[in-house]
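Work the whole structure out from these sequences, hints included.
Residue numbers (the numbering used here): 1 to 121.
Don't read these hints as lab results, they were simulated from the structure.
Keep in mind that this is a model prediction, so the values were computed, not measured.
Please note that a few of the clues may not be correct.
Beta-carbon label-pair distances, calculated as ranges [unchecked claim]:
hint: 1; residue 1: 84; residue 2: 113; range: 33 to 43 Å
hint: 2; residue 1: 61; residue 2: 99; range: 17 to 27 Å
hint: 3; residue 1: 65; residue 2: 92; range: 35 to 45 Å
hint: 4; residue 1: 45; residue 2: 86; range: 26 to 36 Å
hint: 5; residue 1: 37; residue 2: 85; range: 41 to 51 Å
hint: 6; residue 1: 98; residue 2: 44; range: 48 to 58 Å
hint: 7; residue 1: 43; residue 2: 80; range: 40 to 50 Å
hint: 8; residue 1: 116; residue 2: 89; range: 43 to 53 Å
hint: 9; residue 1: 62; residue 2: 42; range: 42 to 52 Å
hint: 10; residue 1: 104; residue 2: 80; range: 36 to 46 Å
hint: 11; residue 1: 109; residue 2: 84; range: 16 to 26 Å
hint: 12; residue 1: 108; residue 2: 33; range: 29 to 39 Å
hint: 13; residue 1: 59; residue 2: 88; range: 37 to 47 Å
hint: 14; residue 1: 108; residue 2: 46; range: 25 to 35 Å
We put the CB at the ideal spot given by N, CA and C, even for glycine.
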Amino acid sequence: MKFFSYYFIIPFLFFASCKNQSDQKTGLAQEVFPEQIVTDTYFGQEIKDPYRYMENVADTNVIAWYRQQEAITYQTLQKISNRQALIDQQLAFNKRRSHSIRRLSITANNCFFYIKREQCL
Numbered sequence: 001m002k003f004f005s006y007y008f009i010i011p012f013l014f015f016a017s018c019k020n021q022s023d024q025k026t027g028l029a030q031e032v033f034p035e036q037i038v039t040d041t042y043f044g045q046e047i048k049d050p051y052r053y054m055e056n057v058a059d060t061n062v063i064a065w066y067r068q069q070e071a072i073t074y075q076t077l078q079k080i081s082n083r084q085a086l087i088d089q090q091l092a093f094n095k096r097r098s099h100s101i102r103r104l105s106i107t108a109n110n111c112f113f114y115i116k117r118e119q120c121l
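Structure representation (structure tokens):
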């Protein structure tokens, strides 16, 4: 259960606290991408997808929006105090492990299934 708390709860709390910060601190305003509704019909049911056009990564508007989001993210991450010490601490922690656990699944009757891989040191 330690694995769960280290890798899921702590980052979740960190990012949840970052979400409450306003865009005024970053200096960049997040642009809400305009909706362009695309409607498909599957088995008689209409499905509306307002952001399907954003899947076209060759579109210059989509590329510009991705770059803007990258800049906002980078500025936000750079403002984390003592950031390099946190990165170094995480790297040191990762070097102590002799294995990695991925694809954790918990069934309804509390059975845990995961892939455990030995790491080469």
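Hint numbers not upheld by this structure, sorted from lowest to highest
2, 4, 8, 9, 10 and 11
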